[in-house]
Structure formats: structure tokens, C-alpha cells
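Asks: In the order they appear, the protein sequences are chains A and B.
According to UniProt numbering, the first sequence is numbered sequentially starting from 1.
According to UniProt numbering, the second sequence is numbered sequentially starting from 1.
Just so you know, the hints here were simulated from the structure itself, not pulled from any lab data.
Bear in mind that the values here come from a model prediction, so they are computed numbers and not experimental data.
Heads up, a few of these hints could be off.
Identical copies look the same in the list; a pair holds intra-copy or inter-copy alike.
DMTMM-like, lysine to aspartate or glutamate: derived pairs with alpha carbons at most 25 Å apart [to be verified]:
(1) Lys-108 / Glu-146
(2) Lys-96 / Glu-147
(3) Lys-96 / Glu-50
(4) Lys-108 / Glu-153
(5) Lys-135 / Glu-146
(6) Lys-108 / Glu-147
(7) Lys-135 / Glu-40
(8) Lys-108 / Asp-39
(9) Lys-135 / Glu-147
(10) Lys-108 / Asp-60
(11) Lys-135 / Glu-50
(12) Lys-135 / Glu-61
(13) Lys-96 / Asp-39
Read off the chains here:
Protein chains: 2
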Amino acid sequence: MLWGVRIRTATEADWAAIWPFFRAIVAAGDTYTFPRDLDERAGHDIWMLEPPARTVVAVDEDGTVLGSAKMNRNHMGAASHIAGASFMVDPAASRKGVGRALGEYALKWAAEEGYRAMQFNAVVETNHRAVALWKSLGFHIVGTLEEGFLHPEHGYVGLHIMYQRLTPTT
Amino acid sequence: MLWGVRIRTATEADWAAIWPFFRAIVAAGDTYTFPRDLDERAGHDIWMLEPPARTVVAVDEDGTVLGSAKMNRNHMGAASHIAGASFMVDPAASRKGVGRALGEYALKWAAEEGYRAMQFNAVVETNHRAVALWKSLGFHIVGTLEEGFLHPEHGYVGLHIMYQRLTPTT
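All chains should be modelled from the sequences, with the hints used to inform the complete structure.
Replies: In C-alpha cells form, the structure reads like this:
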């Protein structure tokens, strides 16, 4: 993790800094199952969550937003102990450990909130960097939805479901 | 399938017939990830879908509602070719092929709507009859979320993700 990077709760004022890289990542269409032409209002409502869910930003020493994560319950009822999370890192800040810092934060948050597991519903199998990162943070591939994702270059590729059990700390 | 059972689009008037067995199944807490005390309005909004999604009922010759299914898109964007579906059969009409008839109907609907796959997000592993039924209809277990479901009798049990690819017929 970069020296000086810190993670804090996202405020409405942060959205203006999140949206440019959020839009670029979604428009590229190779990592997320959002419509590539998602408009700003829909993006905002997907990403900027209210408690008890949580949206955070990773910022550098100057306060520049380098990435963001949202964390939430992934199932209802008798499976409501499974959390979910999503991550966006500004491509200009890639390969600096921002995704790892956000992932570690999300796992800590989930354990503190009493969750017993975290599940990622749809990790594109060609997103090798993300798959490797999540594995290094303790996730395993539960299974793969064959041809579950229409990649703009590779055609139909698999969608991994990734998961790890957690020990609640509360 | 029972002689004389047919499947048709659910109307608002059908909800009064669906809710009693829907409520009983949800309250039992051993097959669905809905809150066990789900109220009628929330149940209605979860179940009674608008086009392009679809909710159907299975009725006998007298028009009695024996079961219901909802069918919908399961992912957005580049994974929007994956359908989902959920099923409720009145326990009083169990073991008569109603679930199978609804499952076959859902698969046909999805193929006709152009979907290329169907995914079930959360099939409780102790729900052996459902797991066997879905396998007999072509689904396989993609993977299992270990301890993903808090069963009222068995404690934490696995949640299967089940899937099959489809050939669109449109």
C-alpha cells in the first residue's frame, strides 16, 4: 500500500471525483456487469450506499481520490450473514496497491459488522489481476458461470463466483 | 405433470391464492433466503413481476392455484443474457409434478426471450428434492457457498449456485 494512502467514508462531495474513473471502467465493459452506457444518476445510486451498507474512498496525502469500494449485505434472511463488495480504482493509480488496501478494508469492515462470509457474485475470468488479488486476500473460486459474460474482445467468457468465510469480530 | 394442470400468466387477482403458501414456505425458513416474517406487501413486490420479467401460476382444471414461478434477468450489462427464476409450490400440491412443470416452463420462457443461460443464486443444499429436480432439468451445481445458509434445524449449511446454458430460440 502506498505510503500516505488512507481510506475514509465517501461523502456526496466525493462522487464528482469517483464518477470519471467509474464511468471509464464501466464504459470499457471488460470487468463489470453494468450497462456500458450507465448514466451518472444510475451510477450514483448503485455506488453511493447508505448505512448499514458502506461506501469508502481511498485518498492520497493530497486528498486525491484514487479508488472507491462499496460494501453491503449480499443476501437476505437466512443468508444475510454473507456480505458483498465492489471496487473501482482509478486507472491512473493502478498497480499501487489501492485495490488491495480497499479489499483488506472491506474484509475488516465485514468481520466487524458481524458478517460470516464475503461473496463476489461476478468476477470476469479474464480479469486476471483482480482474480489473483482476491485469491491473495483469501478468496477462492466457488465456481464459474460458463460463458456468463460477453467480453468486448474475447466474446463469451466465464464469470467467477468468489467467496471466503470470515470470523466475525463483534 | 398432472393431467389438466396448465400454466398461465399470474394476475393481481392470483396473489390472494399465492400468498398463503408463499407465506408458509417463507415462514418455514428452510428453503428461501427471504426474511421469515416477510410481510405481504414485500412478498407481493418480490414475487409479482412486471414485463419483461414474468410471473406465472400453475392451476388445475378447477382453476385452483397449485404453485407459482417468477422469471427474470439475473444480471445486468454484459451478463444480461443470464436469466433467473424462483418457484413456490403449495405444500398441499407437492409431489405431483407442479415444480417440474413450472421449471420446464421457465426454461422454455428464457430460451424464447433470448437468454443464453439460467442461474439459481441460492439453492439450500438440504433441499434435496429441489436439487434433484433442477439436476433432472439440466442444471448443475456450479459451486457451493459453504455455511451460506442458517437452517432452522441443521444450523449453517451450504447454498448451491445452479446453472445451465440455454440455446436461445429467438
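Asks: First find the shortest C-alpha distance between Lys-108 and Glu-153 inside one copy, then the shortest across copies, and answer within, between, both or neither for a cut-off of 25 Å.
Replies: Result: close neither inside a copy nor across copies, 35 Å intra and 30 Å inter.
Asks: Are the CA atoms of Lys-135 and Glu-146 at most 25 Å apart within a copy, between copies, both, or neither?
Replies: Answer is both; intra-copy 20 Å and inter-copy 17 Å each pass.
Asks: Measure nothing new, just compare the shortest in-copy and cross-copy C-alpha distances for Lys-108 and Asp-39 to 25 Å and report within, between, both or neither.
Replies: neither (31 Å within a copy, 33 Å between copies)
Asks: Between copies, within a copy, both or neither: which fits Lys-96 and Glu-50 at Cα up to 25 Å?
Replies: neither (28 Å within a copy, 45 Å between copies)
Asks: 25 Å Cα cut-off: does Lys-108 pair with Asp-60 within a copy, between copies, both or neither?
Replies: Intra 20 Å, inter 52 Å, cutoff 25 Å: intra-copy only.
Asks: Classify it for me, Lys-135 with Glu-50: is the Cα-Cα distance of at most 25 Å met within a copy, between copies, both or neither?
Replies: neither (28 Å within a copy, 39 Å between copies)
Asks: Give the relationship of Lys-96 and Asp-39 under a CA distance limit of 25 Å: within one copy only, between copies only, both, or neither.
Replies: Classified as neither: same-chain Cα gap 28 Å, cross-chain 47 Å, threshold 25 Å.
Asks: Checking an output row: Lys-135 and Glu-147, CA cutoff 25 Å. Within, between, both or neither?
Replies: For Lys-135 and Glu-147, the Cα distance is within 25 Å both inside one copy (21 Å) and across copies (19 Å).
Asks: Indicate which option fits the pair Lys-108, Glu-146 if close means a Cα-Cα distance not exceeding 25 Å: within, between, both or neither.
Replies: between (31 Å within a copy, 20 Å between copies)
Asks: Measure nothing new, just compare the shortest in-copy and cross-copy C-alpha distances for Lys-96 and Glu-147 to 25 Å and report within, between, both or neither.
Replies: For Lys-96 and Glu-147, neither the intra-copy (31 Å) nor the inter-copy (34 Å) Cα distance is at most 25 Å.
Asks: At most 25 Å between C-alpha atoms: does Lys-135 with Glu-40 qualify within a copy, between copies, both, or neither?
Replies: Neither way: Lys-135 and Glu-40 sit 31 Å apart in one copy and 41 Å across, limit 25 Å.
Asks: Classify it for me, Lys-108 with Glu-147: is the Cα-Cα distance of at most 25 Å met within a copy, between copies, both or neither?
Replies: Between copies, since 19 Å is at most 25 Å while 32 Å is not.
The earlier numbered hints that this structure contradicts are 2, 3, 4, 7, 8, 11, 12 and 13.
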